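*Asks:* Take a look at the letters that make up each chain.
There are 2 protein chains.
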Amino acid sequence: MGDMNGKGPESNVDVLIIGAGPAGLMAASWMAHCGVKARVIDKRNAKVFCGQADGLQCRSLEIFDSLGFGDRAWKEANHMLEICMWNPGSDGVIRRSDRIPDTIPGLSRFSQIVVHQGRIERFFLDNIKKYSKGGIQVERGVLPESLTIDESKVDDDAAYPVTVTLRHLSEEEATPKQQISASKVSDGLFRSNLTYEDDEDDLIKKSSSRTGTSETVHAKYVIGCDGARSWTRRALGYELEGEATDFIWGVLDIIPITDFPDVRMRCAIHSAENGSLMIIPRENKMVRLYIQLKEVTPDATGRADRSKITPDIIFRAAQKIISPYKLDYEYCDWWTAYQIGQRVCTNFDAQRRVFLAGDAVHTHSPKAGQGMNVSMQDCYNLGWKVGLVAKGIVKRNILETYQSERRRVAQDLIDFDHKFSRLFSGRPAKDVLDTEGVSMEEFKDAFSKGNLFASGLSVDYGASNLILKSGDAAKQGDGSILDIPATSQVTVEAFKEKQALATGLPVGMRFSSFKVLNQADARPWHFQERLKADGRFRVVVFAGNILSASQKARVDTFCKALEAPDNFLRAITPSGAAIDSVIEVLTIHSSKRVDTDLLKDFPAILHPFDEHTGWDYWKVFVDDVSYHEGLGAAYENYGVDKERGCVVAVRPDQYVGWIGELEDFSGLQTYFEGILNLPQAGHGENGS
Amino acid sequence: MGDMNGKGPESNVDVLIIGAGPAGLMAASWMAHCGVKARVIDKRNAKVFCGQADGLQCRSLEIFDSLGFGDRAWKEANHMLEICMWNPGSDGVIRRSDRIPDTIPGLSRFSQIVVHQGRIERFFLDNIKKYSKGGIQVERGVLPESLTIDESKVDDDAAYPVTVTLRHLSEEEATPKQQISASKVSDGLFRSNLTYEDDEDDLIKKSSSRTGTSETVHAKYVIGCDGARSWTRRALGYELEGEATDFIWGVLDIIPITDFPDVRMRCAIHSAENGSLMIIPRENKMVRLYIQLKEVTPDATGRADRSKITPDIIFRAAQKIISPYKLDYEYCDWWTAYQIGQRVCTNFDAQRRVFLAGDAVHTHSPKAGQGMNVSMQDCYNLGWKVGLVAKGIVKRNILETYQSERRRVAQDLIDFDHKFSRLFSGRPAKDVLDTEGVSMEEFKDAFSKGNLFASGLSVDYGASNLILKSGDAAKQGDGSILDIPATSQVTVEAFKEKQALATGLPVGMRFSSFKVLNQADARPWHFQERLKADGRFRVVVFAGNILSASQKARVDTFCKALEAPDNFLRAITPSGAAIDSVIEVLTIHSSKRVDTDLLKDFPAILHPFDEHTGWDYWKVFVDDVSYHEGLGAAYENYGVDKERGCVVAVRPDQYVGWIGELEDFSGLQTYFEGILNLPQAGHGENGS
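Those protein sequence lines, which keep their order, are chains A and B.
For what it's worth, the numbering used here labels the leading residue of the first sequence as 1, then goes sequentially.
For what it's worth, the numbering used here labels the leading residue of the second sequence as 1, then goes sequentially.
It is possible that some hints are incorrect.
Copies of the same chain look alike in the list, so a pair counts if it works inside one copy or between any two.
Cross-link-like lysine-lysine pairs, in silico, BS3-like; alpha carbons within 25 angstroms at most [as the list claims (entries may be wrong)]:
1. Lys-75 <-> Lys-532
2. Lys-130 <-> Lys-75
3. Lys-285 <-> Lys-130
4. Lys-642 <-> Lys-600
5. Lys-285 <-> Lys-600
Since the hints were derived computationally from the structure, they do not count as laboratory data.
Small disclaimer: the values here were computed from a predicted structure and weren't measured.
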């Protein structure tokens, strides 16, 4: 590695991640769990300590749990259970009009919580350290300066087609400038969309002493998670499309001193004339207030003058909205302001070698608590794909599903946010004849429906080689055309039959969770707890009533095919590696636990034997009643026939990819042939 | 601090803890949570890394949760759900005769788990560091050499009557000698009761180079948690009473390779002729085997020759017992052996200044998983008492309840273990006429009953100033006579009336846990989660139906008394400190949550106002249905009338101390007068 063109030392890396916020750390976490060589850089020299995003939706918690730290977030967070709607009565005074559950009951084993972004980043950092054994560390104070893609190499799996030059900043250069305020309270304006990009550049380049050194990195893949003013996006020449509104909102994190009765509930307050307020109760006695600033308006350029916005102005606006209740505070932890707008990037990747995620490709208002969640979920979708492609396990064309799957989610998100923001920022209608005002019924309805969307659990990925279902792949995705092999396509009629085998597991949606018991030790598990984010695909065998001779014969036949030498499972497993190292087979049966015996009733492939450690006791589960935690009723909830069962293929990110009968082994084989980089003949050629 | 008599520098400490196993760390944890100055010394230079005790009973998990790390243990542990009994059939071949739940359903929100002692010590160390802010650290390689109590000072609260000289060992001195074995597997013989005390002395004193330095510590209180061959016990001249049996058992931690079907269940196996075996499934694929060694017998001195015991001998014994099933292993993590015996110390303290806990005062066989649990529970009982006495908050005479409460538990434990060991080590009866053999029905019965005892939840402390109930304090305790003031005594009839107010909260037992909702934010909590181990007593106000005017009047009257200037609550609160700093008042009401309002319906003392942070939203709970976790039915489960409620006083260790009507404020006042060091007149004289 020599000094080339004054750009310092050169090195290769499989994956370069630009930006160490929640999205970048999610991507890094996948690399750690998949065992892929990666670097993570961030231009700032410290992680977030207060403020910023804080809401965690159900799906994010499920994801955290799959990585191994859902419990940490759950324990530290404030839990939000109820939303209270406050609107003006006929006398113009606000009163509580409705209560609705914040998370729809039954949707997930988690409900919505609030925990500071800095803690979330801490959980990620600990997790990355643990799984990469210290191999992946965030390099702070490192600024990307150029990015080029060598198009001649983008189809070569062994190549490093992306070249990025990096500059290592001095301590002073990497420290974000905060607005100087008398109160010394942290503010987030430097990250707000009220800051011009020029300010940002100024921020980074202000230092006169260029003490930093440079280097050149050649990467197979680059993931840009560098925020709303993404350097990576600009380097690719991509634009966010959409527009800003005239609505300016302020944000305060305070410990409230108040007689308002619902200050520990999530509240949506519409005042008659003074604008709207959302209360998000937080940890450490704090609440976050989102406050509409009716007295601040954009100038001729469409931008609000941020110098006019102070914590005092924001707080006085809140006091007016919440009147006649008293509101005061002594402690303020953080504040910021933003202008509502919705924008989505036209492209989420370049040459399937450089990807953009999170705020870099979608921006919107923060009140629905979607930003951090959707951003992390972008990378939960992307990370394993890049990781497994880099490892040579899956075909490179699955990378195109990132844009089709996630840009569609981004489009849905800004549509939702556009509608929700308009309803929330609008003046409440005085009566049914006040057509210029916002109907509070319509608002409540949007809020309730929005809750399902906001949970992250309504995401339904469209047809692709990863998602075998019928319909128009372009329409189900973001409109882009996918390269789906004919074998990975399925007719409407055929798909209807397959989906009917597991009506509670829609193909394209995340594998929902119900309690089952481990056959060997009777321990209850939420089944999703067994779908860890370790980069493995899974085949879930619903074995049905294994004590019926005819059903047992069906299971035996399926397992015989699974044991056969040349199938996808054998072919993808590196020679000498355990049979479950790339694809794990899990079983749920529906007979009585005490009437069945792991070793006697289940073929060996379902609980593989290891000569060093004996049988695997952690792969066969039963839908039966537990001693302490009741019955999960998994078959009923998954909509699977208790006698006949079925087989389900699950992606590493827990999405259902394929459903078939126990007889349909060839269908399963075809599904995986459409995804995996199988050796041409025999097995073992994929050796580690 | 000068060098006195060649014993090095001198210093004072409130509490000196000798021994940093689970019992000593539990004591240290209380000091950290209570903010008491303490030192912890241990002669060994490293914590346990494998083997040793591993079972955690329900009550231990409740205790861990009160300290803040129940979730860590729960997450890492193997969960044991079922016990399988295996006995010889009429053909002499073992077969499964019964399955019973390992933890009685409904007993606790936890069930029994298994996690390595080294991890438990890690949880404690992290917890102590967090709560003491680094102030309490374990000092390893430190050996106590002399202990004297100055009897002239034992009644002086300000004095440091206990003097201990310490020697700081060299690295070599402090490393335990392990039996040299070809397999290089860790063994625990150096801690086993098959090791003579001479060996132990040899172990510590073997180094010729006395490089260590000495020091002299003056302590208010000393807690000896230094194991079965306790130096502290010997320094006090106390003896363990009881005797050994002829039963010798071996222990192996292995990853089993076997066709035995229940190897992931807890199993009690009685073979026809080859002795008994217990299987304890563990974390990391391991199981622990407790194996009766019929071929090893004690010599003329009553001791087994430990040189004859090897992992091979132990393992071959296991293979014979489990035959005709095959059992093998490649990986062994740890092994040891022990001779069953039951012993209890005559005294648990000296002058109420030096206390003994854990193995130092009771030893027995390990198979019921009681040793570490009871030892930690000793110190959970003792720690807050010593801590609060050292801080001057409670009267010193409560220290006598340590022996009366915990020596009684130790006596019950060895009675249980004596019976259980005999039944488990005995040859199974061939038929009903075989009266020399053990009846397998009797064994199952003892096991089932033992499970309640073993959970730690049947502990019922006797009458004292801390436990206001009727009956003979000596009989309810360990036989010793307590110094109970007349005002802290209650007649059988009067107690019957009080207990009837909360039939599910027996005075003397731990406050059981059911789900309630926070009134302010609707979050469900197991009520026990709100009884944190922070050294505070608690008054739980069952406010009943607060929406009934007559009931509201009763609550208002009670709260008025609680607000009054000269009561126990005001008097014990240091001037300038928050009203909940010594005693916390928690409320559970039974009206509908949505019909009630924290600020409007509940007197301020139940949710105190702080001028800096506003109202306290975390003290009032409601027995109502939650959105996601059902109904806790707390009033029904606690046996409290939903209209009229009652008041319950709870000790810092979660034991119920007093029950009364809302009208019985004077009873509550009297209860606390019997315990607290109240200033003679007015309040604020207890200032911090």
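*Asks:* Each hint should be assessed against the structure and marked as holding or not.
*Replies:* Verification of the supplied hints:
In this homomeric assembly, Lys-75 and Lys-532 come within 25 angstroms of each other (Cα to Cα) both inside a single copy, at 20 angstroms, and across copies, at 15 angstroms. Taking the shortest Cα distances, Lys-130 and Lys-75 sit within 25 angstroms of each other both inside one copy (20 angstroms) and across copies (16 angstroms). For the homomeric pair Lys-285 and Lys-130, the shortest alpha-carbon distance between copies (20 angstroms) is at most 25 angstroms, but the shortest distance inside one copy (31 angstroms) is not. In this assembly of identical chains, Lys-642 and Lys-600 lie within 25 angstroms of each other by CA distance solely inside one copy; the values are 20 angstroms within and 53 angstroms between copies.
Proximity of Lys-285 and Lys-600 under a CA criterion of 25 angstroms is satisfied inter-copy only: 20 angstroms between copies versus 56 angstroms inside one chain copy.
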